[in-house]
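Student: Assemble chain B onto chain A, guided by the hints.
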Amino acid sequence: MNDNDAQFIGKNALHPRVVEKALGAPIFAADLGDGNQLVLKARRAGVHHAEIVSIDTREAEAVPGVVRIFTSADIPGRNAVGIIGNNKDWPILAVGKVRSKADAVALVAAETEAAADAAVKAIRIEWKELPAVLDPEAALLPDAPKIHESGNLLYTRLIKKGDVEAGFAASCHILENEYETPMIEHCYIETEAGIGYFDEDGIMTIEVATQNTHYDQADICAVLDVPEEQLRVVQAVTGGGFGGKLDISVHGFIGLALLHLRRPVRYFYTREESFLASGKRHGMKLKLKTGVDRNGKLLAVQGRVLSDGGAYGSYGIAVVTRTGVHLTGPYECPNVDVEVREIYTNHPFCCAMRGFGTPQGALAHESQMDMHGQALGLDPIEIRLRNALVNGSEQATGQIIHASAGLTDCLKALRPYYDEAMSVWMKEKPGRPSRKRGVGVGAMWYGCGNTAAANPAAAHIEIDQNGQLTLYSGAADIGQGSTITLLQIAAEVLGVEPAKFKSVIADTKYTENAGASSASRQTYISGNATLQAATLMADALLERAGDQLQSPKEDLALAGGKVTLKSNPAVGLPLAQLAGSMHTLGLPMKFRGYFDPDTTPLDPKTGQGCPYGTYAFACQLVQLEVDVLTGEIDIHRVVAAHDVGRMINPANLVGQVCGGVAMGLGYGILEEFAPGVESLKDYHICTSTDVPEIVPILVETPEPTGPFGAKGIGEPSLIPTAPAAVNALEMAIGERIYALPATLERVMEACQKAGWFEKLEV
Amino acid sequence: MREHIRYYRPQSVAEAVALLREHSGKSAIINGGTDVLIDVRSGKFTGDCLVDISRIQEIKGVREHDGAIIVGAGVTIEELATSRILQEKLPALALTGINFAGRQIRNVATIGGNVAHASPSGDTQTGLTVYDAVGLVASSEGERTIPVCEMFKGANKSALNDTDLLLHFIIRPCAAKYQHFEKIGRRKDLAISRASLAVLIDQDSDGTINFARVSLGACKPSTGRMPRTEDFLLGKNPRLSVFREAAKSMSAEMIAITGRRKSLAYKEPAIEGLLLRMLIPLL
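Residue numbers (my numbering), protein chains in the order written: chain A, 1 to 762; chain B, 1 to 283.
Same shape as in the complex, but just chain B:
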């Protein structure tokens, strides 16, 4: 089956975009290959050509530009985890790379691939959405920006077209003092997230929470912020009882989206516990 798949390795965005238009409906973009090659082997990929974007320099690297951080779609998860700029300016995003899959996968998998695959459990999505990241996408029609939170139509369903090439993410650093990400997996390495959570919290000098962002992953069809939980936290003073309430508020917000499912028996208390545990350092 694999012998029927054509393989292209464009050197530039323009070349890639042209190839994607030419093979529209039958192609897949491949970079690290940690998702695509599994689909090829299992037969889930039914197209006839792969466009390998791993040699395109324009989509690589992390840089600062005009007060924003630009993270190339071709940045590997290992680069994400170890980038000095990200560790300093967007720590909750850098943390998503720390125990993402296993070492071999981190070395080749990319942030662009993680987002484009639209898995509800994609860890980088949690870190990107908490910062309200925006993606820059190129196609034969030109370039356009899309907020990351609008890139998912549902579980494993990307809102991007198959002629779109994700170039990079534009992320405004946040001044919040507390920026954190954690995930729960079945084991320490090579485990798909059962839940992931990113939080950005800032406080007044008297401790009152004046800024709160919470993004929840792996618990609903699409990763994204939890506005009711954020609203709940705003204006509150850190107390254990308040954080317990915030945790309950978040699980209610999740259940409002997902309805009551079997997996909730674990996920409901687990995300409550996860948020509570992540907020405890603010006490």
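Chain A on its own, in the form it takes in the complex:
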């Protein structure tokens, strides 16, 4: 199919529930239920690291309205969860010791919120405090207290290619710098929330804000020691995830209470509990050494990264693997030597967050790239063009990128904006003499899908005897719009408007596993599964129509809810009629599609292998003003060029780009989960007034293995923003900032270093 033929691909279509959301309809988990559910509330440790000497629940049990208080002794199955591999290191309720302030020690079920709160406070716990390990470097010292029996080093990812020493020897410009990135909080608008009940078949059901119902089901079944057919997990309408709703939060508590009490229950985190108990983005310390030849071509990249994983593994192994794989940046480099280590500390556990370890690395490689360019007199676009991965390039793990390497196109799209910013905007006089302007560029690449692991998705499309089409997909739509994207793909194949489909999404009773809505994978992976299901459905419909119309299949087309003759479009059969006859004949009415990207495992010693089926590319331009006397930053504009393979829903893509930029700016200049931070009152994310004009540019370089050529966008949108902002700050101030976020304090320090107070002229 060529672009001009597309009916629904590349066109905007409304998300199925967008109107309800816009009107504030009560559709989220906290709105569900009849109000008579028991209230659940966890008692959390409040100490970093301690042995539990005793838990006394007598006083709490006496609180009027308290139904039951659970401790780890009430867990019938495996009291440990965790998504990556077999690293099940996180108890639902603490056993013997706690490893972070957020660890849940007991769970209260009560008739009212007030009773639950009172009981939580009345639980008496006797601790024997252990020394807390709050620094990943200290955690690796031989005499450091062990947070887990297995030790504090959870995982090491190595990527080795070529000979870095030879690469540095041949380099004409070498840079070695240290970078630091903070833990940050996801700040989804909806906190963790879920309800539990027995469904119409009497099955225990957890309806929960989540990014992956099928993982939830598997781990909670193990915790409760029940078979999967006895636990249903349904995704509630979810108000944002960003990776933070991939882990077990309220689910385990809801399951435990349902199992024992056989009564409907609910658990919603307050914002304070969400800040305390949810996972964070990994804070990292990165040392990066890079060498380029006299043309600016990268010859060697050597990286050493320490990642603070907090108390539990969660996605940490996958996060550091991705940091390692992506640490060269979206550039060719023949010699690579990278080591990334994931460390346990007594900090809050760190998990997936939009970008999975890639944003941390991007700060380092994009800062280095700018400095190399400056040293060689190449502007930031030119040096990136010289190094960009292109079709046929071999990346750090030895994989050849055969197609859809769109960085060059993105850089070319950004070029006029950069030139205009430099030649016009930079020449203008800012409103006051203390304001200095800067323009910065950041680029990124991002593998779509889980790293070097099977990560399939299945999808089904069904037609009933009246011609009603239904999509069944396990892909959780967390607000990013995966459902409409999948529907548009099915619609294109079947010639039926997306709005005419029904959809059943992320419900373990009705949908097959599609994996997590993470890793920017659902458009690519569930998109392909949906495409295959729709194609099989189309074949069946065309075959049936061919029989009825006595026409060869080649002369048939699906459009407008009918099968028509290409040779005589006036002749056609409505789908309802075809479906009716298929039903009468007992023909299959439901078709399954499946896709698993072509990957191979990475060699444990060298990291060589094929980690992803395809990659997204992007670069962004940030224009900003800094008040060099006070350190205040005013972002003027962000231009974001993103290679999406092929657009499925442009408005959706623009939404993802703008959201990612807003979040990326927060990562760049505001956000830090520091000790003492309790809620949004002391944790600053961008407000609408902080977000500048954003110019999204969608670049199409069709991916041959993608559905209609499409790739992912969710995470790429955030990754280049913070590095571009840091590079722009360097231009404005004349000094570089190596640690995120570029707070008032850090910017002021750079301005002082540059001597602006003394040298400012009027």
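Hints listed in this document are in silico derivations from the structure and should not be mistaken for laboratory results. Quick caveat, the model's predicted, so the values are computed rather than measured. Heads up, the beta-carbon is just placed ideally off N, CA and C, and yes, glycines get one too. Zero decoy hints are in this set.
Here are the simulated DSS-like cross-link-like pairs (lysine-lysine), alpha carbons at most 27 Å apart as the crow flies:
| id | chain 1 | residue 1 | chain 2 | residue 2 |
| --- | --- | --- | --- | --- |
| 1 | A | K160 | A | K297 |
| 2 | B | K153 | A | K681 |
| 3 | A | K121 | B | K26 |
| 4 | B | K248 | A | K753 |
| 5 | A | K753 | B | K262 |
| 6 | B | K157 | B | K262 |
| 7 | A | K753 | B | K220 |
| 8 | A | K101 | B | K262 |
| 9 | B | K44 | A | K681 |
| 10 | A | K101 | B | K44 |
| 11 | A | K427 | B | K188 |
| 12 | B | K236 | B | K248 |
| 13 | B | K262 | A | K285 |
| 14 | A | K121 | B | K44 |
| 15 | A | K681 | B | K262 |
| 16 | A | K681 | B | K157 |
| 17 | B | K188 | A | K681 |
| 18 | B | K220 | A | K681 |
| 19 | B | K236 | A | K759 |
Just the calculated beta-carbon pair ranges, DEER-fashion:
| id | chain 1 | residue 1 | chain 2 | residue 2 | range |
| --- | --- | --- | --- | --- | --- |
| 20 | A | V18 | B | S140 | 54 to 64 Å |
| 21 | A | A22 | B | E245 | 55 to 65 Å |
| 22 | A | P131 | B | R261 | 27 to 37 Å |
| 23 | A | G151 | B | N156 | 42 to 52 Å |
Computed list of chain B residues with no C-beta within reach of chain A, every gap over 12 Å:
| id | residue |
| --- | --- |
| 24 | H23 |
| 25 | K26 |
| 26 | S54 |
| 27 | R84 |
| 28 | D204 |
Tutor: For chain B alone, kept in the frame of chain A given last:
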């Protein structure tokens, strides 16, 4: 917990004052509620009654009286920012309302509440103290005036009694040609001031500074004027080097009050920069 809190909505100052006396020690005054309701929810408020003064007409509005400007304690921050009288006669005070918190808060929070809460970061305090504003307070003992700069005993500690009701502020307009206020926040909206500064400067025809007032907020336990900095500026001719010295003088004056604290690493250069940037237009 909230069900135990009684709620009163007096219609007059007299009624409010009587209620405050009756519930002394257990009450809080509420108007916009942007501070009080947070304390109620967090449990920091341990009293048992709220006296809502939002319907009392006597504490509303901005007016001129006898050469002074009277700003009601019940004037919202949005009214403060948009009042024509204030923009014209007390511009440095009106400016404190421009990017105070966020729009929703500006619509309900009041100048009286901002002062009574005695937060070291309260923006209106900077604007009030630079004009030497005086507050009129009512209690069952009668009415009395207190300079705003004497209303703070320390960070978040008001010198007002819990039986006191702040009625309005009395502010003499200033003839200084340059009247300005600026704040530094971590972001553009909904950010507590890291530093705020109000300045009133007047000059002779040859440029010599003959009148200088500087009030610094969010940098010390109580907001208020910086007399040594003002003295430094008096009699000086505007030059960049002089203003740099003035800025250094102000940070030294601040440090003399606060001592060396961790936050100084930023605040010291930042207030120097802020004052310098605010004085540059005089060059």
